[in-house]
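Participant: So you can see what is in the structure, the chains are spelled out below.
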Amino acid sequence: MLSICETQCITKPNASASTESVLKLLLSLVVLSGLIAIGFFHIGAWMVLPFAGLELVLVVLAFVVVLRHRGDYEKITFVENHVEIEQSVLGEIKLARFQCYWTRVTLREGEGGKTSLWIGSHNEEVEFGRDTMDNVQREQVASHLKRMLLKTK
Amino acid sequence: MSTTTVAHHDEHHDHPTGIMRWLTTTNHKDIGTMYLTFSLIMFLVGGSMILGIRAELFKPGLQLMNPEFFNQLIGVHALIMIFAALMPAATGFANWMLPLQIGAPDMALPRLNNWGFWILPPSAILLTLPFTLALFGVGDGALATGWTFYPPLSVQGGIGVDFAIFAVHLLGISSVLGSINIIVTIYNMRAPGMTLMKMPMFAWGWLITAFLLIATIPVLAGAVTMLLTDRHFGTHFFDAAGGGDPIMFQHLFWFFGHPEVYILLLPVWGFIPQILQTFSRKPMYGYKAQVYSLWAIGALAVVVWAHHFFTAGMPVPALLYFMYSTMAISLPLAVLFYCWIRTMWKGSMSFETPMLFTVGWIILFGVGGLTGLVLADVAADAQYHNSYFVVAHFHYTLFAGGIMGIMAGVYYWLPKMTGHMYNEKLGKLHFWLTAISFNVTFIPQFFVGLAGMPRRIPDYALQFAEFNMISSIGAFVLGLSQLLFVYIIISCVKGGQKATDKVWEGAEGLEWTLPSPPPYHSFTEQPVVK
Chain A
1 MLSICETQCI
11 TKPNASASTE
21 SVLKLLLSLV
31 VLSGLIAIGF
41 FHIGAWMVLP
51 FAGLELVLVV
61 LAFVVVLRHR
71 GDYEKITFVE
81 NHVEIEQSVL
91 GEIKLARFQC
101 YWTRVTLREG
111 EGGKTSLWIG
121 SHNEEVEFGR
131 DTMDNVQREQ
141 VASHLKRMLL
151 KTK
Chain B
1 MSTTTVAHHD
11 EHHDHPTGIM
21 RWLTTTNHKD
31 IGTMYLTFSL
41 IMFLVGGSMI
51 LGIRAELFKP
61 GLQLMNPEFF
71 NQLIGVHALI
81 MIFAALMPAA
91 TGFANWMLPL
101 QIGAPDMALP
111 RLNNWGFWIL
121 PPSAILLTLP
131 FTLALFGVGD
141 GALATGWTFY
151 PPLSVQGGIG
161 VDFAIFAVHL
171 LGISSVLGSI
181 NIIVTIYNMR
191 APGMTLMKMP
201 MFAWGWLITA
211 FLLIATIPVL
221 AGAVTMLLTD
231 RHFGTHFFDA
241 AGGGDPIMFQ
251 HLFWFFGHPE
261 VYILLLPVWG
271 FIPQILQTFS
281 RKPMYGYKAQ
291 VYSLWAIGAL
301 AVVVWAHHFF
311 TAGMPVPALL
321 YFMYSTMAIS
331 LPLAVLFYCW
341 IRTMWKGSMS
351 FETPMLFTVG
361 WIILFGVGGL
371 TGLVLADVAA
381 DAQYHNSYFV
391 VAHFHYTLFA
401 GGIMGIMAGV
411 YYWLPKMTGH
421 MYNEKLGKLH
431 FWLTAISFNV
441 TFIPQFFVGL
451 AGMPRRIPDY
461 ALQFAEFNMI
471 SSIGAFVLGL
481 SQLLFVYIII
491 SCVKGGQKAT
501 DKVWEGAEGL
511 EWTLPSPPPY
521 HSFTEQPVVK
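For the protein sequence lines, the chains are A and B, in the order given.
Under our numbering, the residues of the first sequence are numbered 1 to 153, in order.
Under our numbering, the residues of the second sequence are numbered 1 to 530, in order.
Hints listed in this document are in silico derivations from the structure and should not be mistaken for laboratory results.
It cannot be assumed that every hint is accurate.
[Stated by the list, open to error] Here are some chain A residues pointing at chain B (derived, C-beta under 7 Å): (1) Ile38; (2) His42; (3) Ala45; (4) Asp134.
[Claimed, not checked] Below, in silico cross-link-like pairs of lysine-lysine (BS3-like), each with a Cα-Cα straight-line distance of 27 Å or less: (5) B:Lys288 x A:Lys12; (6) A:Lys24 x B:Lys530; (7) A:Lys12 x B:Lys530; (8) A:Lys24 x B:Lys288.
Remember, predicted model here, so these are calculated numbers, not experimental data.
Positions of the beta carbon are idealized from the N, C-alpha and C atoms, including for glycine.
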């Protein structure tokens with residue numbers, strides 16, 4: 001999900017599920033599958049149990065993987081004559097700050113045609129939107145940044 | 001549901017080309033296309049098998065094949081049609097349309113999505129390979145037990161049973177991976193403002209389907225694994241001589257097998273109301289009632305399994321419970337039928353091909369539902385069980401209710417997917433050929449079934465000859481008319497009149513705000529649902 005306004009660009013993954021709703025969902029699946037597996041175990045079909053257990057582990061893992069990244073975001077903010085880039089991955093926040101006058105925005109083409117967007121100055125660069133944006137969005141952000149930077153020069 | 005304007009850009013290719021694109025793709029539309037293509041190919045493979053069967057049944061006596069091969073064709077036909085044609089078709093639509101409908105950039109777990117698809121072709125090969133091996137003198141062909149694997153026949157069967165067991169395991173893994181992905185996507189990837197009760201009905205249909213798959217696939221996996229150990233590792237789960245119980249397998253199998261019917265139908269019940277509202281040009285009637293009915297059907301689906309084997313013998317209270325609980329499914333289903341008909345009522349209806357298929361679907365699926373009520377009756381079932389009446393009933397449910405529904409969906413979304421309009425005249429011709437020949441095939445089977453003709457037998461009494469001949473002629477017309485379907489799809493993919501973004505005048509939903517075909521990366525700006 002990308003939102004661009006005049007002085008700020010934010011990109012973050014879709015996260016429509018609340019922790020509470022996911023817990024309710026997982027609980028209902030565990031109860032449903034668990035009851036079925038235990039029922040069949042009771043009549044001697046114990047082999048249902050390991051398959052049900054394995055499947056529930058997979059469901060939980062899938063949600064864990066997705067929900068761990070729900071708080072991730074990347075943000076570019078223009079503050080006076082500086083560009084601030086804030087990146088939050090798994091709760092760890094990295095901050096980079098460049099002076100607008102020297103800041104360069106580069107769009108590089110990589111393997112398989114995938115582009116990468118780099119922002120930096122004086123041999124220091126930060127990649128922006130590697131996993132959260134597609135080529136079109138990276139291009140969109142790059143041209144917006146260049147336009148904004150030109151205004152400050 | 002109203003949405004903000006979505007900005008679009010020209011197609012940018014940041015993906016490999018050629019075969020590597022399809023092997024490594026994580027794009028939901030690519031994977032959806034692969035599922036749908038695979039489904040179409042397997043539909044033709046499974047269909048050609050049944051044409052062999054109908055050719056054999058054209059007249060009494062054995063003409064073309066021995067009974068063993070006849071049984072193998074029936075079993076593999078069913079497994080292919082259910083697991084390799086219908087289920088992948090519904091999954092293909094889910095991949096293509098769910099992210100577009102809920103405003104997500106892709107599925108939540110794209111790599112899992114890729115693996116889920118690529119498990120399918122090896123399992124299809126496993127199902128059909130025993131036929132080829134038998135030609136070279138290895139083994140005795142595919143499984144000859146029907147799709148139900150009932151022991152003791154399956155315990156005593158040849159290597160075809162082992163191949164089918166492994167194929168079922170792979171198909172199960174694929175289904176579970178797909179279900180997990182769909183549940184996570186629907187829960188976590190919806191656009192801002194798209195609450196659960198604003199979701200398109202198709203998303204609801206698939207959410208409940210995914211629940212059912214997660215609840216029942218472990219039971220099937222456990223059952224076929226126990227069968228495998230009975231065959232090769234000296235266990236006696238289903239061997240009465242060793243203290244086991246062959247009826248337990250029937251309970252295990254149908255605990256999965258009955259919900260499987262709804263697994264095949266719920267996604268179709270999801271998009272049918274969307275087609276109806278589009279071509280009736282009025283809002284869907286009873287959205288909430290439909291959602292609750294889908295949940296009710298999903299819940300009932302897992303508690304009615306034993307009506308498939310009333311005749312195997314069970315206590316009277318169990319017979320009564322399973323009879324009444326099965327009949328109870330008709331209540332939420334009646335609510336759905338009422339909502340579908342009310343959606344059309346006093347609408348400005350037009351009958352383009354998707355609508356023709358949908359209206360035909362409602363009528364024919366209704367026949368499938370009503371004949372199901374007859375079979376749910378314990379007393380009547382004793383006569384109809386294992387007869388051609390059952391064959392006709394479940395083809396009205398799964399061909400009319402499943403495949404014709406899928407065809408409605410194909411015609412509805414094909415212009416969106418390809419960017420071209422299909423040939424409307426040929427589409428309508430395909431509908432009429434399909435609807436008429438389907439009835440010519442299966443109405444006679446009701447009559448021969450009522451008269452006592454058993455299923456899965458390559459020869460029959462002379463009194464059934466005329467009806468079987470009519471049924472075979474219908475089947476061949478039905479089979480050949482599907483070549484027209486393939487031609488329409490291929491010519492639409494290759495070119496044709498340019499489709500507009502909205503395609504259909506009355507279409508509603510986020511997928512219609514995108515260009516036709518949608519760009520490789522669907523939403524470059526987040527849509528907001530109000």
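Participant: What hints, given by number in increasing order, does this structure fail?
Facilitator: The structure breaks hints 1, 2, 5; every other hint is satisfied.
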